[in-house]
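Model the placement of chain W on the given structure of chain A, informed by the hints.
For reference, the chains in residue letters:
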Amino acid sequence: SQQGEEDPQALSIQEGENATMNCSYKTSINNLQWYRQNSGRGLVHLILIRSNEREKHSGRLRVTLDTSKKSSSLLITASRAADTASYFCATALNSGNTPLVFGKGTRLSVIA
Amino acid sequence: DTGVSQNPRHKITKRGQNVTFRCDPISEHNRLYWYRQTLGQGPEFLTYFQNEAQLEKSRLLSDRFSAERPKGSFSTLEIQRTEQGDSAMYLCASSFQGDTGELFFGEGSRLTVL
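Residue numbers (my numbering), protein chains in the order written: chain A, 234 to 345; chain W, -6 to 107.
All clues given are correct.
With the C-beta cut set under 8 Å, the calculated list includes, among others, these residues of chain W facing chain A:
| # | residue |
| --- | --- |
| 1 | Phe38 |
| 2 | Tyr41 |
| 3 | Leu84 |
Covered stretches of chain W, going by a simulated chain A footprint (3 or more residues, C-beta under 8 Å):
| # | stretch |
| --- | --- |
| 4 | 25 to 37 |
| 5 | 96 to 104 |
For the record, the hints were derived by calculation from the structure and aren't laboratory data.
Beta carbons: idealized from backbone N, C-alpha and C, even for Gly.
The following block holds chain A by itself, in its conformation from the complex (with noise of 0.2 Å):
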């Protein structure tokens, strides 16, 4: 079963604009990480937020993260047709941070 629901499941923009994309999740969490996975490749980490965090950026990336209401969200700035790709929030459900747990994903589209 999937833990986590990526909202919305596509998105399509215009190069410069601003991507938001938002996971919702079940139960209790240790972590929640963020992956981008290019068309046919493997996934690769983007960020981690650990569940006493609010708020994480790395470069153009802003993470955050609401334990209340058990949601995350993932802001990429200024996008570039190179950001095209598939989102997926995965979430660490135990101490030992294993086995990650991920969602569906949000398919991005940045056009230029």
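What follows is chain W alone, placed relative to chain A:
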């Protein structure tokens, strides 16, 4: 060693045949995971190893699936008597116990069962 390596990258087989996928993790990682991903879905956990011990298996891993990691290094995932529903991308990932839980993925092995 620059990352997780999987082969073959693509496999086309006929229903009923057996297939085997291999994963070579990052050398210093002692945890190795297998996930399955179908089109438009997120990766679904199948099983994972810590060193050579298989610590957890998903309900998705039917008795036709077997995974091994005999020396705690590379791993194999075998599917016996393949069915069309087995068509998917099989992803391998590795991590180091004690890390934050970040997984390093290979490029995947895409299976098509005709």
